[in-house]
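Colleague: So you can see what is in the structure, the chains are spelled out below.
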Amino acid sequence: MNPRLRWRKFVSNFMLTLTGVCAAVAVSALFFILGYLVYHGGASINWDFFTKLPAPVGESGGGMANAIVGSAKLLLLASLIGIPIGFFGGIYMAEFSNSSIASVVRFAADLLNGVPSIVIGIFAYTVAVLPFKHFSTWAGGLALGIMMIPITLRSTEEFLHSVPRALREGAMALGASRWRTIITVVVPAAYRGIMTAILLALARVAGETAPLLFTALGNRFWSPGWNQPTASLPAMIYSYALSAFEDWHRQAWAAGLVLLALILIVNIFARVILARGTAVPRS
Amino acid sequence: MATSTTTVPNASPSAGSRSFISRLKDGDEIARIITFLFAASVVLITILLVLQLWHDSGLARAKFGIKFFVRQVWDPTNDDFGALTFVYGTLVTSGIGLLIAVPLGLGAAIFLAELAPQKISDTLQFFIDLLAAVPSVIYGLLGIFIVVPLMRVYVQPALKGTLGFLPLFQGPPFGVGFLTAGIVLAIMVIPYIISVSREVLLSVPRDQREAALALGSTRWESTWKVVVPFARSGIMGSIFLALARALGETMAVTMVVGNTPTISASLLSPGYSIAAVIANELPEASGVYLQALVELGLVLFVFTFILNGFARLLLVLTTQKGSGMGHV
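Protein chains in written order, with the numbering used here: chain S, 1 to 283; chain F, 284 to 611.
Be careful, since some hints might not be right.
Claimed, not checked - In the SDA-like style, the derived pairs of lysine to any residue whose C-alpha atoms are separated by at most 25 Å in a straight line are:
#	chain 1	residue 1	chain 2	residue 2
1	F	K508	S	N2
2	F	K443	F	L374
3	F	K508	S	N13
4	S	K9	F	T501
Hints were generated in silico from the structure; no laboratory data involved.
Nothing here was measured: the structure is a model prediction, and the numbers come from that model.
Please model the entire structure based on the sequences and the hints provided.
Modeller: Structural data, given as C-alpha cells:
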C-alpha cells in the first residue's frame, strides 16, 4: 500500500469515526437531560407537589396542583380550537379542495407553523387580553390552539392522501355519497396517523411557555372558571427557576421532571404504539 | 344514488355531473361548505395575525421609521426606542448556535444516513425526535443551573486565559451572556439539523455513491465529495430551518443571556435578544412602548418568514433532484 493510499484510508476512518462521535454526542444530550432532571427533580416530587397550592412567598413546601390543573385547562381549550379547525380543514384539503385554494391554505398553514411562539403570544395578547384589560385562561388557550392548527391540518391532509384510492372507489361503488365515504371509510383508515399527529401536537404545545407569559400570565392560587389568569407548569418552571429561593429551585426541577416525563411518554406512546406502520411526520 | 359512480375521488367537486340539489341532499355539498369554513379560518387567522402585528406597531413605525433598526437607545420613560441592541443579540446568539450546531448536526446526520445500519439509524433517529420534543423552558432550566455555573467557573476563565488577547473573550466571566445563550441554542437546534439533513442524505440516489466508490474513492471521499455536495441545497435548507428556530427562540435565551441591552465585541458579555425583551417587557408596556415591542415581534416574524421560505424552496429543489423523498 503506498503512503498516499494509507493516508487517504486513515482520513476516511478518522472522519467516519468523528461522525459517529457527533451522533453519540447528540443522542447522549437526551439522556443527559433526562438524567439531570431525575437526579435533581426526583427527590423533590412528593404527594404535596401534586395536591397542594404554592406556599406563600418565603415559606418552603407547597406544591403545584394549580399549575397542573391550569395546564390541563389550557390544553383542553387549545384542543377545542386546534383540533376541529385542523381536522376538518385537513379533510377539506384532502377531499374537497381544488388545487388553487389548497395551495393558499397550505401556504397559510406553513407560514403559521413557522411563526415563533412568542409572536403568536403577541397576537393573542392584542386580540384576547388588551380588549378585555385582563389576562385569562381563554387567551392562553387561544395562543396554544393557534399553534396546534397547522400541525393538525397538514398531517390530517397527508394521512388522508395516503389512503388507497381503491378504498374510496369501493365505498362509492356501493352507492355511498362522498361524505359518507369520507367519514365511514377514509377517515377510519387514516385514524391512527391522525391521532398520532394530534397527540404530538398536544405534546408540543404542552411545553410552550413564551405565548403564556402574557396571556395566561400565572397565578399562585386556583383559577376559577376560564376568565382569570391561571398558572401552568411551564410558566411555573420559568418563574421558579429565576427566583432567589432555594426551595423554589427545587420545585422548578420537580416541575421540569413532571412536564418532560409527560411529554416524552405521550411522544413514545404516539410514535411507537399508535403509529405502528405509519410514517410519523416531523414538525 | 347510482349516479354517484360518476364522481371521481380526488377530482375537483365540480367534475361530478350530479346536480347541486342531489349533492346537497346526500350531504356532500353541506360537508364541503362546512369543511371549507374550517380551512378558510386558517387563512383568516394568518391574515389577522399579520394585520394585527402591522396595525399595532403603526405608532412606533411612524415615529421611528427605518432608524428604529440603527439606534441603540431603549428608553421607556421618554418613549424613545431603537432595536439595534436586540437585533445584534439575536443575530450573535443564533450565529454562535449555528457555528456549533451545524458541524455536529451534519456529522451526526452523515453517520445516521451513510454509516449506521438501518436498525441503529432508526433507533438513534427516534431518540433525536424525542430530543426535539423537549420543551425550551427545560433547556432554560438546565442552562441556568448547569451551563451558566460551568461557564462561569471553568469555560470562561479558561477562554480568557488562553484566548484573552482577542476582543472576543474579554471582560469579567459572568456565566450568562452571548456565548452561553449560543451554546444552549446549539443544543436545541441540533435535532432539527440532524432530522432534515439525514432525510436529504438518504434521498441521494445510490448510484452516486457506487460510481464514486467504483472510481476508487474511499468511503469518506464518496460521502464528502459526492453525496454531501449532491444534497447541498437540502442541507442548506435544514440550516435555514434551524436558524429560523434559533432566531425565534424565547425561553432558553431569556433565561441565560443576561437580559442586559449591550453591544459588545466580547462574547462573554451579557446581552439581550428580540424575543427576550418582548417576553420580559410586553405585559407592562403601553402606548408607543407597547408598539415598539410589537414592531420587534413583526421583525421576528419577517425574519423567520423569509428563512422558512428559503428553507422550503431549497428542500423542494433537492426533493426533485433526488429520488422520491417524503414530505419534509
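Colleague: Determine for every hint whether it applies to the structure shown.
Modeller: Do the hints match the structure? See the list:
For the given pair, K508(F) sits about 22 Å from N2(S) by alpha-carbon distance, which is consistent with the 25 Å threshold. For the hint linking K443(F) to L374(F), the alpha-carbon distance of about 23 Å falls within 25 Å, and the restraint holds. Between the alpha carbons of K508(F) and N13(S) the distance comes to roughly 15 Å, so the proposed pair stays at or under 25 Å and holds. Between K9(S) and T501(F), the direct Cα distance comes to roughly 7 Å. Compliance with the 25 Å bound is thereby established for this hinted pair.
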